[in-house]
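Number of protein chains: 2
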Amino acid sequence: MATHRFDPDFTDNVIKSMGPQTPERFREVMTSLIRHVHDFARETNLTVDEWMTGVKMMNWAGQMSDDKRNEGQLLCDVIGLESLVDEITHKLAQEAEDTPTATAILGPFFRPDTKWRQNGDNVVQDVKGGEMVFMHGRVVDFVTKKPLVNATVEMWEASTNGLYEQQDPEQVEHNLRGKFRTDEEGMYSYYCLRPTPYPVPGDGPAGKVLKLMDRQPFRPAHIHIIATYDGYKPLTTQIFDSKDPYLANDSVFAVKDSLVVDFVPREGDPQAGLELEYDIKLVPNEGKVNGA
Amino acid sequence: MATHRFDPDFTDNVIKSMGPQTPERFREVMTSLIRHVHDFARETNLTVDEWMTGVKMMNWAGQMSDDKRNEGQLLCDVIGLESLVDEITHKLAQEAEDTPTATAILGPFFRPDTKWRQNGDNVVQDVKGGEMVFMHGRVVDFVTKKPLVNATVEMWEASTNGLYEQQDPEQVEHNLRGKFRTDEEGMYSYYCLRPTPYPVPGDGPAGKVLKLMDRQPFRPAHIHIIATYDGYKPLTTQIFDSKDPYLANDSVFAVKDSLVVDFVPREGDPQAGLELEYDIKLVPNEGKVNGA
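Just so you know, the sequences run in chain order Y and Z. According to the UniProt record's numbering, the first sequence holds residues 1 to 292 in order. According to the UniProt record's numbering, the second sequence holds residues 1 to 292 in order.
In short, the hints are calculated from the structure, not lab data. There could be a bad hint or two in this list.
All copies of an identical chain are treated as equivalent in the list; a pair is satisfied when it fits inside any one copy or across any two copies.
Calculated cross-link-like contacts (lysine-lysine; reagent style DSSO-like; alpha-carbon spacing at most 27 Å) [as the list claims (entries may be wrong)]:
no. : residue 1 : residue 2
1   : Lys56     : Lys208
2   : Lys211    : Lys146
3   : Lys243    : Lys16
4   : Lys128    : Lys115
5   : Lys179    : Lys233
6   : Lys56     : Lys115
7   : Lys56     : Lys179
8   : Lys16     : Lys256
9   : Lys16     : Lys211
10  : Lys56     : Lys68
11  : Lys211    : Lys56
12  : Lys208    : Lys68
13  : Lys233    : Lys56
With the hints as extra help, turn the sequences into a complete structure.
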């Protein structure tokens, strides 16, 4: 194995130090993690000073994180890790014509205490500028196509200034987010903002790493959605505006072709000039999809 | 390259997203880091929930860290990373008979504001139990063997309760640490405590990872030393008590054979029943050692 000039037994010794009571899955994950982290250090001839710079970034990420911000998650996002574990977790063929709705990353701005709203409500309580959208659709069983009644659809999006409400002291609490239940036809609906692109925050380690990598920090405009129904696999996803200039170089690598949508003009509605019809397909817990 | 069933271009796309202004060394390190982190995730089929557990550990480490504690560093230490980058950085043959003093990891309990003391002073200001040691030796040029006059020797060690003074509200400030200057013969000397083994703190993520890996948390008894002299490579090391029961399974993998010492009985000194003579060999900045 060892083709380097460092102690050839070191990595194996660290791995072997795990005792017999280590949970099996933890042993598997740590064995691979230790091997890859050590290989990374040897491959790059990582110095003590460089490693310490990394430790400081990691600690800084933790210190910036609280119930409103998760900078450790964002650091992973800018190197594509959240998108990758999302792909791994779901292992679904995403581009085929008829598949369940593809997944996308949760991102750091979800709130577990999102407020219930009524179908047809407006989540836009406090926004400067922007375009209004009437978004609606059905939640259906991916296999039978039957509508799912009383399914939960949760959505959140950033405001036109690029900030989610919990990042922004100027926004009303729970602005631009809501939790809806499908009606007896499996329908959900709400008024929301046509999403706008925004940059990953530049004041923390994730922004600093992006800058050092000379990468553009913007995320393409998107609406976050989580849909759940008893007996079905919960779905976490994002849908993207087909007109967005950052679709091809999302700073966190979350775009999938099947999640790109067209907002179309809506006539005769004083509340919204645009419309989006979007059906969400959930997979039953026992359902097998494309061999997954 | 890709022998897995996930998007074969994903990792290359993340790496290729780095722009032309990326500093060369940063590109090199990030390319390897991204590749290994992605391979690790694919190899273990890492799920979103497992990854999020890791993010929470990372953020927790940062939140526990301050100017007195570095938990991110400790997390690296328990998977051997600090010892490995120490080996990489110094690339010296450590076990040969006549080499400069071997290096060892800094650890999280160094204080940059350590107090100057006089040769012959006692760093033990406030300790319950334990054995006293008179430690002394010379700082010399590794190549010419000439003594180095006015070299700095900094030392720190844990108390008998396993805590460094900054971890322990009960200990006097700067207990068990001191900064010394060698005299005109290159000699340093002080009274200190024969070190005792202690466990890595169990109240943070590093302790939790150790417990999950079913590993013993103790570090073998050691004294930390940093020696510096203008025009010479600074040396950071630890010396270990040959009688310690944890020499073979240090929880942070820092022990090297050449750093294991014998404390010998000392006669006729009311201040100390043990003695340790220990010479420190520094390498001139331009000096070539074993081809390094």
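Okay, the hints, checked on the actual structure:
no.	hint	in the structure
1	Lys56 x Lys208	both (12 Å within a copy, 20 Å between copies)
2	Lys211 x Lys146	neither (47 Å within a copy, 48 Å between copies)
3	Lys243 x Lys16	between (53 Å within a copy, 24 Å between copies)
4	Lys128 x Lys115	within (22 Å within a copy, 57 Å between copies)
5	Lys179 x Lys233	within (18 Å within a copy, 61 Å between copies)
6	Lys56 x Lys115	between (37 Å within a copy, 25 Å between copies)
7	Lys56 x Lys179	between (38 Å within a copy, 26 Å between copies)
8	Lys16 x Lys256	between (40 Å within a copy, 18 Å between copies)
9	Lys16 x Lys211	between (39 Å within a copy, 15 Å between copies)
10	Lys56 x Lys68	both (21 Å within a copy, 14 Å between copies)
11	Lys211 x Lys56	both (17 Å within a copy, 24 Å between copies)
12	Lys208 x Lys68	both (20 Å within a copy, 25 Å between copies)
13	Lys233 x Lys56	between (38 Å within a copy, 24 Å between copies)
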